[in-house]
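Just so you know, the sequences run in chain order A and B.
Its first residue numbered 1, the first sequence is counted upward by one per residue in the working numbering.
Its first residue numbered 668, the second sequence is counted upward by one per residue in the working numbering.
Derived by calculation from the structure, the hints in this document are not laboratory data.
A virtual CB, placed ideally from N, CA and C, is assigned to each residue, including glycine.
These stretches of chain A come out as covered by chain B in the derived footprint (C-beta under 8 Å, 3 or more residues): (1) 364-377; (2) 392-401; (3) 512-523; (4) 582-589; (5) 593-602; (6) 609-616.
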Amino acid sequence: MIVEAGHFALILAVVFALIQGTLPLIGAHRNNATWMALSVPTAVAQFILVAISFAALTYAYVTSDFSVYNVAANSHSAKPMIYKISGVWANHEGSMLLWVMILALFGSAVAVFGRNLPPTLKARVLGVQALISVGFYLFILFTSNPFERLLPAPIDGRGLNPLLQDPGLAMHPPFLYLGYVGFSIAFSFAIAALIEGRVDAAWARWVRPWTLVAWVSLTLGIALGSWWAYYELGWGGWWFWDPVENASFMPWLAGTALLHSSVVVEKRNALKGWTIFLAIVTFSLSLLGAFLVRSGVLTSVHAFASDPARGVFILGLLVVVIGGSFTLFAIRGPALKSGSLFRPISREGALLLNNLLMTTGAAAVLLGTLYPLFLDAVGGGKVSVGPPFFNAVFIPLMTPMIAAMAIGSLLAWKRGDLAQAMGRLWTALAAAGAVVLLVWWIVADGPVLAALGMGLAAWLFVGTVAELTVRIRLFRVPVGESLRRLSRIPRATWGMTVAHAGMAVVVAGMVGAGNWKVESIQVMTPGETVTVAGYDYTFRGATEVQGPNYTATRGTFDISREGRRVTTLYPENRNYPVEKRPSTEAAILTTFWADLYVVIGDPDKNTATGGYVTRIYHNPMIAWIWAGILIMVSGGLVSLSDRRHRVGAPTRHRAAPIGAAPAGVRE
Amino acid sequence: MKRKHKRLTFVVIAMVLLASAAGLALVAFEDNIVFFYSPTDVLTKNLSPDRRVRLGGLVEEGSVEKTAGSTVILFRVTDLQNTIPVSYEGLLPDLFREGQGVITEGVMVGGVFQASEVLAKHDENYMPPEVAEILKESGQWEEQDNQEQGDKPK
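The task is simple: from the sequences and hints, build the whole structure.
Spelled out as structure tokens, the structure:
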């Protein structure tokens, strides 16, 4: 009964979305306040209905109602509760329901918090948002209904892929979708602005918090996925340039560009058309990602069991959204009055350079991802484009960007002085040089590029700190005065500083993990010792252990360094009887400089020796990647907490001084 | 600076960037594209040992063989017309099974495919599209069987 109620709620949500997607738009056109005002209650009602629908499916999972096909196919009564719940979105149908719920959540958040938005803009934003929702509701109801019944109900479910029974992956889709779908708000704002024919600083201030929320979530979602792949797949890698990883990375690149170009619109009233363009591109890439993952057109580690009908439906949606929005952009875009002028060497110029490099990078990733599809379509044979391609194209594009990051924030708006900025960066240059030499000296036999990469990271980090010292005029004015300036730096600026510093840490981690990894695969018998990167790994044997819904072979490895005991690691090779599948659980010791990573495989063919195939990785600086990403995310959150960005706070007329939010919006 | 000039500067910068990206991409494509072949293709194409390719098909039933005291694993990949012996050193992915679709990447050396990578899938019912195509071409594709397993809405 509850399941049917969920199904019904979803159908009702379509009805509300249809109202929300038509009447307010017409109302805004005709200046009919009543019709425009409809957008708010319909948006809220729509969200409540989808939430009910989602709760109903969750209920079916929690109570293990196997008369629901989706539950029977993806759950099992013996599964731990957390994975019963995360099982809701660990399959195609349920994840689409999560997708539309987040879509409706963002829509209702704009409806509730956007009290200061001009009524026509608000009605149009919510109308466009509802139209996107309608597309996805129909997709779910026609091709991927999670409420389909299965009669007679099986006694137990088929279980969830053991690889997905993992805390990291339980949280990965919600964050990823908050990111993907969050960019729909920027898209809706862009379309609404095109319809209105007006983009100004206030518009940018309204869009920015939503873009930031989406960016923070997407960053976190990608990181969680990468972290999961690192410890769960047992390959010791953290990024594979897999089509599905690329599908999430392209919107991230475009979204990062959008975040920076909207600053220019906000502060300088320039780059308007470009910002609108980026908002459209970012969400289009999110949709493209959805298409690539769910249509099964590309070979990937993801791949939901695919169905051509779904692919065709999403492709249709993609064509309508991208085609429609770009047509609108082509018609209305030129009418957007270009704002103030600036020199190529200026803050705006630097941000534009960042944008161009980011979008070129996204285009390169897009090319590599879609090229196999394209070549196959024209009969050129089946190919795969792997990491070597992406590394060869992407890294040279990002290197100048990171080099320019440190300089850009030191340039003045409108007209910058490059010589002066460089003069302030001598400490960064010295630090970079010192790091290059130091790394070269320590890892003499390593690749030269690794030393240069570390230098680049140092350049960015010290450059970012240098920018901060310039801002507070450290040592140029008394220390007390510097501290006073420090305390008065707006949070949005702190956000930039923190995020850029985080980026430097990520770059260092990527360079280290990418260049100095040591891998060793061998058969080990109990008592045998293998030395990897200075650590001695002694295999003490393996035992059988029993988990809640699996049995496992657990190996014991004593690790020591120069005779001193470091730790003992227990990697497992689990076998899930319900799903009839094995799953490798790597054992990892994370230290500041490196991860020690041990995997136990199958027993040796000659079982009498008690030997096992083992794989040992020494992954240097991998923790820096996750730490750096967390720093970047916290930078985003700090920026989000800036009261000027407080959702709905800004008004179009900047009569009130900055920081003094109008009454009634302080919640 | 005039508006036109300003715009021109950025257009030129953008063009230079795009051109260099395109150049990078072309060079990278030249070296790094890996073609996908079926066992039949591999036999008819006579590949040189320095040409990296992907070989896809089914893992032949009963063909997986471990060697005592070493991490080398031998198995055969088939499109149900022709069969290629594969040698791989390392741990097989969790979802590697006899009778199921597989994609391996490596080089052909003296009639044996030396795989450096064996690709894993999340979903046991999932058939890589390339492998499905190969089986269709060799006329061995059982449509219903796959429908039953993979395509039914879950």
